[in-house]
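Note that the first sequence covers residues 1 to 886 in full-length UniProt numbering.
Be careful, since some hints might not be right.
Unchecked claim - What follows is a list of derived Cβ distance ranges for each label pair: (1) SER473 - ARG597: 52 to 58 Å; (2) GLU111 - ASP231: 14 to 20 Å; (3) TYR780 - ASP639: 32 to 38 Å; (4) SER601 - PHE261: 47 to 53 Å; (5) ASP468 - GLN297: 39 to 45 Å; (6) PHE261 - LEU399: 18 to 24 Å; (7) ARG860 - LYS255: 45 to 51 Å; (8) ASP443 - GLY646: 40 to 46 Å; (9) GLN335 - LEU612: 21 to 27 Å; (10) ASP884 - LYS740: 27 to 33 Å.
Hints in this document: simulated from the structure, not taken from any laboratory. Don't be surprised by glycine CBs; every beta carbon is placed ideally from N, CA and C.
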Amino acid sequence: MDKFAPFHHHYNPLIHQNGHCPPIQKPKPRAHSSPTSVSLASTATSLAASTLSSPVMYPSPGILSGFGSLDGLSDVRTLGSVKAMHSQVIKSSDKRTSEYMAKTLITFYLELGDFRLAAMVFFLGFARNYAMWSNFLLEFKKFGGDPIEILEVFKDLHCLGVNFDGRLITLVLKICASLMDLCLGLEIHASLIKKGLEGDVYVKGALMKYYGRCWGVDTANKVFDEIPYQDNLLNEAIMINLKNKRFVQGVDLFKRMQFSFKRANAATILKMLQACGKEGALNEGQQIHGEAWSLLQEMESSGVTPDLVTWNCLLSGHALHGLYKEVIKILRKMQIAGFRPNSQSIPSILQAVIELGFFTFGKEIHGYVLRNGLDFDVYVGTSLIDMYLKNDRLNSSQLIFDNLKNKNIFSWNSLISGYLFKGLFDDAKRLLTQMKQEGVKPDLVTWNSLVSGYSIWGRNEEALAVIDDIRSSGLTPNVVSWTSLISGCSQRGNYRESLEFFIRMKQEGIEPNSTTVSSLLRTCGGLSLLQKGKEIHCLSIRKCFHEDAYVETALIDMYSKSGDLKSAYGVFRKRENQTLASWNCMIMGFAIYGLGREAISLFQEMQKADILPDAITFTAVLSGCKNSGLIEEGWKYFDSMDKEYGIEPRIEHYSCMVDLLGRAGYLDEAWDFIQAMPITPDASIWSAFLRSCHVQGHMEFAEVAGKELLELEPDNSANYVLMTNLYAMSNRWDDVERIKDLMVEKGVKIRQIWSWIQIDDRVHVFSAGDKPHPDEGQIYFELYQLVSEMKKVGYVPDINCVYQNIDDLEKEKVLLSHSEKLAITYGLLNTRNSAPIRVVKNTRICPDCHTAAKFMSLVRSREIFLRDGVRFHHFKDGSCSCNDHW
DNA sequence: AGAAACGGAA
């Protein structure tokens, strides 16, 4: 229904009827005018002129008898029927009841959205009754009247010195704040002071908001300070401070609120939660979160129903703090309470859906959005784009994007980042061009998506070039830009570059944040750089990131991957409320050290703590079973996945089971298991099976597995090597040659095998093909001595580990040159007597080196940690943590 | 009252 502009100043009845009014000041020029007011005003002119010329009196209700009662009318009230009633009213005048009739007509017209007629009736009946103006303007606003019109009328009346109702002053101050009408707000405040009126709590609140928005937070705080009893306005004061980034003041006021008789309202709690999230203030955040829950509970128990705004506050507050399961619970609660999610609920819900991986539910929500016509909202659209992106449905995302009526930078950035994540750089560039053509300027988010996209796909030079593009576009690369680069390299396994970019970032004078630290820890873990990892740990303590859940988990992972399980466990135990990811990490930590029983008991403890496991938990538990040869337990947990937890086993779980069965010698069972799998076996399955065949010396199965594997991974040299070793074991030298020829034919190069050890700041690499270590002579001298000592206590070199067609003495020599032996020996020579030795090898350890390391730990009384391609071995007093299950 | 970029476990 068309709005009308009844209060255009030319037709302000107060001015037309100046004869009956107090002395008139000339109205000031209007700051705002409705764009449609001119044409609409002409209609108003004629109407006003015609009615003003002949004063009309209103009839008594008796006249209306032909219409039935007013109440009866209310059911089927239409504009036509009200007008008919109105005309009857005009025809027969009766002074006594005129006021009642006029009020009724005004309400009817307002309800029907005919502001013009409502205003007309009001002008004729009440224009000179100033007390009525407040009521009328408030009603006018209630039914959707234009706030600008209200301001215009208010100004005119204000000039006349009219006193207004506090409710109207509150409303006008709100309008001043939203329209940034600086002068009127001041005038109102001044006249309140002049008249000695304090104004009620609402007026004061509105005044503070007005000052906060129009004159800055300090002015608002001044107003607040002058209020004698402040408790009622704490919510507003907190809000104003937080909106203006005064976090400390906001928290102070919030603490005051806890000692007052007042409670924080939903909006305040939400804003506090947001602010705490941004400021990384965890303790405050958790306290406030508790407050949010108790608020909801209190509302429920006292029978007060939260309104939609409160529900939405709760949804977004929980989503913001990563409490996604709570978001879903709140959604259910609000639906039970009879509220339908609106366009502002959907983004928070979708965020939770994405994080929880409830894709089917997400699609249902999409259906709901379409049925309820919420798809025109740009926030909803962007959230949907994001949901389909995260579920690998780029086409759906593009489709939603194309149908989006109002695109903004968020929508563009979402889709662009989707393409970049998939490595579809041409599509991303196409969108970038399109975006610029449509006049949307890329912002830092756009650029950072590009940096991240390039670096996770290993295109570091292009990523670095984008950093320069940022500068030439007039923006400055920030900590996110650099962290994108660092983390991209780390994810890709380009660890060295990752550290180099960190140094570059520091040179640029940019301080790392907790995300940077997490990425760097991943890098350190990847390289088993314990020293560097400890440095980063110190850095994170200095910067107070060490309580960040991500950083903590990354620390646990770094320590366990760097051979320091004790420190990993220390970090894990330091905190009480562990996240699922950190439980998973710690269980995995035990698993890679072959501490299967410990992994299982931690898993049980986790369940006692009411943390539900996910698929990754089971990967960790099953890895623990696999690395410790716990067959029964492995079966038990594998079966329970689907039955007890409703988690569908994925390929990595099947792979663990094949490994577990095969390694224990149950090759037939492993074979049957593979045949019965509901998913197509991939390379990880066949590789686990092949390695078991190798250990068991089962040629028939090995050849089947090898054939599958060479087809699935024709470029992986490890498969060829394993096959040649198998044939060499059975003295099938023709087949050895055949496989070698195949490698040449396919251009597959054997992967370099190397071991390294860090002594002080230097990393010493030992590799068969590489140039020898400068201290090689000394190392071999020590190694020969060591081996003769070891032989005295029972070491027998395992010449079966050498697959060359040479004599046994030569084989023994070859065994000595294995890189892990050299690295351990170097460690023995160059570290303090008590210090454990930490060696990293990029492939699996060979059985002879495993035996040798046990003896080395015995004869030299040293702990040796060896990280091989897949796991850890901890040698101590002549035995290994893996109990020879590997 | 809501949406997009960088972070942990496999």
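Hints versus structure:
no.: 1; hint: SER473 - ARG597: 52 to 58 Å; result: 57 Å, holds
no.: 2; hint: GLU111 - ASP231: 14 to 20 Å; result: 38 Å, violated
no.: 3; hint: TYR780 - ASP639: 32 to 38 Å; result: 52 Å, violated
no.: 4; hint: SER601 - PHE261: 47 to 53 Å; result: 49 Å, holds
no.: 5; hint: ASP468 - GLN297: 39 to 45 Å; result: 54 Å, violated
no.: 6; hint: PHE261 - LEU399: 18 to 24 Å; result: 54 Å, violated
no.: 7; hint: ARG860 - LYS255: 45 to 51 Å; result: 59 Å, violated
no.: 8; hint: ASP443 - GLY646: 40 to 46 Å; result: 42 Å, holds
no.: 9; hint: GLN335 - LEU612: 21 to 27 Å; result: 23 Å, holds
no.: 10; hint: ASP884 - LYS740: 27 to 33 Å; result: 31 Å, holds
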